[in-house]
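With our numbering, the residue at position 29 of the sequence shown is 30, and numbering never jumps.
Be aware that one or more of the hints could be misleading.
Label-pair distances were calculated between CB atoms; the ranges are [what the hints assert, rightly or not]:
| hint | residue 1 | residue 2 | range |
| --- | --- | --- | --- |
| 1 | 49 | 29 | 37 to 47 Å |
| 2 | 6 | 94 | 16 to 26 Å |
| 3 | 22 | 52 | 39 to 49 Å |
| 4 | 98 | 74 | 17 to 27 Å |
| 5 | 109 | 24 | 29 to 39 Å |
| 6 | 8 | 86 | 15 to 25 Å |
| 7 | 10 | 98 | 14 to 24 Å |
| 8 | 80 | 45 | 12 to 22 Å |
| 9 | 26 | 46 | 42 to 52 Å |
In silico DMTMM-like cross-links for lysine to aspartate or glutamate, where the CA-CA straight-line distance does not exceed 25 Å [to be verified]:
| hint | residue 1 | residue 2 |
| --- | --- | --- |
| 10 | 36 | 79 |
| 11 | 36 | 117 |
| 12 | 36 | 95 |
| 13 | 36 | 86 |
| 14 | 90 | 74 |
In case anyone wonders, no lab produced these hints; they're calculated from the structure.
Beta carbons are placed, not taken as given, at the ideal position from N, Cα and C, and that holds for glycine.
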Amino acid sequence: MPTYTITVTHEFCAAHTISIAGTQEPLHGHNFITKATIAGDPLDADGLLCDFHTVHAVLVEICNPFTNQNFNDTPPFDTTNPSAELIAKHIADELASRLDDALAPNAQVHSVSITEAPGCIATYTR
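Model the full structure from these sequences, guided by the hints.
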């Protein structure tokens, strides 16, 4: 079935240290690029799935606690390995819970991608 999608992006700086195969990486930072894709059908009376600005504002709100911070010190990643995969899932789940029927009645979060560095992208699809 055909579906419309819109995608919004937001970039923020943050640091993290992650455990890979039992070895803890040194603390390091990234300019994380978050890409959220919203999907749905039908369009509203204005021919929109939902407003780009609304989705972007919510995405910024979700990312703000991490901006210029260490993920490892910021919930929920103070108790969870802050991998790009888990960051993408967290943002997708938060975005889905905040885009209610009043903001996006015919839309759902399809996926969230996190780019840590060029060519290094993790995506969570709902």
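Taking the hints in turn, this is what the structure says about them:
At roughly 39 Å, the beta carbons of residue 49 and residue 29 sit within the given window of 37 to 47 Å. For residue 6 and residue 94, the hinted distance range of 16 to 26 Å is satisfied, since their beta carbons lie about 19 Å from each other. At roughly 43 Å, the beta-carbon separation of residue 22 and residue 52 lies within the given 39 to 49 Å, and the hint holds. Under the hint 17 to 27 Å, the C-beta atoms of residue 98 and residue 74, about 23 Å apart, fit the expected range.
A hinted range of 29 to 39 Å holds for the C-beta pair residue 109 and residue 24, which are about 37 Å apart. Between residue 8 and residue 86, the C-beta spacing of about 19 Å keeps the proposed range 15 to 25 Å intact. A hinted range of 14 to 24 Å for the beta carbons of residue 10 and residue 98 is consistent with their spacing of about 20 Å. As the Cβ distance of residue 80 to residue 45 is approximately 40 Å, the hint placing it in 12 to 22 Å is violated.
Distance hint for residue 26 and residue 46: a CB-CB separation of about 50 Å, consistent with the stated range 42 to 52 Å. For a cut-off of 25 Å, the pair hint linking residue 36 to residue 79 stands: about 23 Å separates their Cα positions. Restraint check for residue 36 and residue 117: satisfied, since their Cα atoms lie roughly 12 Å apart, inside the 25 Å limit. For the suggested pair residue 36 and residue 95, the alpha carbons sit about 14 Å apart, so the restraint of at most 25 Å is met.
Among the hinted pairs, residue 36 with residue 86 is consistent with the structure: their alpha-carbon atoms are about 13 Å apart, no more than 25 Å. With a C-alpha separation of about 18 Å, the suggested pair residue 90 and residue 74 falls inside the 25 Å cut-off, and the hint holds.
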